[in-house]
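Student: Counting along the sequence shown from 1, when you hit position 69 you're at 71 in our numbering, and nothing is skipped either side.
Think of the hints as simulated: they come from the structure by calculation, not from any bench. Some hints could be false.
[Said to hold, decoys possible] Listed next, the in silico DSSO-like pairs over lysine-lysine satisfying Cα-Cα at most 30 Å (straight line): (1) 40 / 82; (2) 84 / 33; (3) 42 / 84; (4) 82 / 42; (5) 86 / 40; (6) 42 / 104; (7) 33 / 104; (8) 82 / 33; (9) 86 / 42; (10) 40 / 84.
Since this is a predicted model, take the numbers as computed values, not measurements.
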Amino acid sequence: MNPDDNGFQDSTKLLSPLEASQLLTDEYSAKILLATYKRKISAQEISQRYGIPIAACYRKIRILEEVGLIECVERILTQKGKRKNLYTSCLRNAYIFFENGKLRARFQLATGQVKDFGGDWNGLDLMKQ
């Protein structure tokens, strides 16, 4: 992790460009981001509709929440008296760049906030690692 990379204002986890790109290209994370785009949906519904095992679904939701890409927008009470969280995506656009041997990622949130992964936008030089 880059200490100069301040992350999203309300996120607790900082990502390298490689981690950010892996998060977007992970099958379960991508399905969750698609399922929550412009709608509220529960983890159980995501699991059933998209064929994601429920434990993996909760794990990926927690990671996506930590980095600020989705958020719990409502808690409802089911007919059985249990609480159910409804999630929605905060991500509006995402870009992954590989230029001149450097990897960069950029996330634009629904709020308009843009987060660049790659420090000063010079990217991560994979050859130096």
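Student: Confirm or reject each hint.
Tutor: Okay, the hints, checked on the actual structure:
| no. | hint | in the structure |
| --- | --- | --- |
| 1 | 40 / 82 | holds, 27 Å |
| 2 | 84 / 33 | holds, 25 Å |
| 3 | 42 / 84 | holds, 18 Å |
| 4 | 82 / 42 | holds, 20 Å |
| 5 | 86 / 40 | holds, 18 Å |
| 6 | 42 / 104 | violated, 36 Å |
| 7 | 33 / 104 | holds, 27 Å |
| 8 | 82 / 33 | holds, 28 Å |
| 9 | 86 / 42 | holds, 11 Å |
| 10 | 40 / 84 | holds, 25 Å |
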